[in-house]
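Generate coordinates for the entire structure from the input sequences, incorporating the hints supplied.
Quick note on my numbering: the sequence shown kicks off at 1 and runs consecutively.
The set of hints was computed from the structure by calculation and includes no laboratory data.
Note that the coordinates shown come from a computational prediction; the quantities given were computed from them, not determined experimentally.
Glycine included, every Cβ here is placed at the ideal spot set by N, Cα and C.
Incorrect hints may appear among the rest.
Simulated restraints, written as ranges between beta carbons of each label pair [claimed, not checked]:
#	residue 1	residue 2	range
1	E33	R2	18 to 26 Å
2	R2	V30	19 to 27 Å
3	E67	A10	16 to 24 Å
4	I41	F68	30 to 38 Å
5	Y78	R17	19 to 27 Å
6	I19	S63	34 to 42 Å
7	F54	A24	20 to 28 Å
8	D37	V58	13 to 21 Å
9	E33	R12	14 to 22 Å
10	R12	G55	16 to 24 Å
11	I41	P73	17 to 25 Å
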Amino acid sequence: GRVRGKPGRAVRIDIPRRIELYSAGGGRIVIDEIATDLPAIPRLDPSGALSFRFGGRVRVSGSEEGEFRGDLPISAEYL
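Next comes the structure, spelled out in structure tokens:
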């Protein structure tokens, strides 16, 4: 992910711990135990940017292949 804002500001980044992705045929993938490489108190760098990575455990229900879609709401706000 990437956040931009006022240089040097501390921010809070909220990422859900679980999301679900669905295919047009009804297949489902759950991504849980989502974690990031963010420090305890993230801060925008001198250019006003903050980059981070996130990942989680992927669990597939069924045997369907193809495209899966879902939402991963990430919010950021100044502290």
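These are the hints, each one checked on the structure:
no., hint, verdict
1, E33 - R2: 18 to 26 Å, "holds (23 Å)"
2, R2 - V30: 19 to 27 Å, "holds (25 Å)"
3, E67 - A10: 16 to 24 Å, "violated (38 Å)"
4, I41 - F68: 30 to 38 Å, "holds (34 Å)"
5, Y78 - R17: 19 to 27 Å, "holds (23 Å)"
6, I19 - S63: 34 to 42 Å, "violated (21 Å)"
7, F54 - A24: 20 to 28 Å, "holds (26 Å)"
8, D37 - V58: 13 to 21 Å, "holds (18 Å)"
9, E33 - R12: 14 to 22 Å, "holds (20 Å)"
10, R12 - G55: 16 to 24 Å, "holds (20 Å)"
11, I41 - P73: 17 to 25 Å, "holds (21 Å)"
Hint check: violations occur at hints 3, 6; the rest are consistent with the structure.
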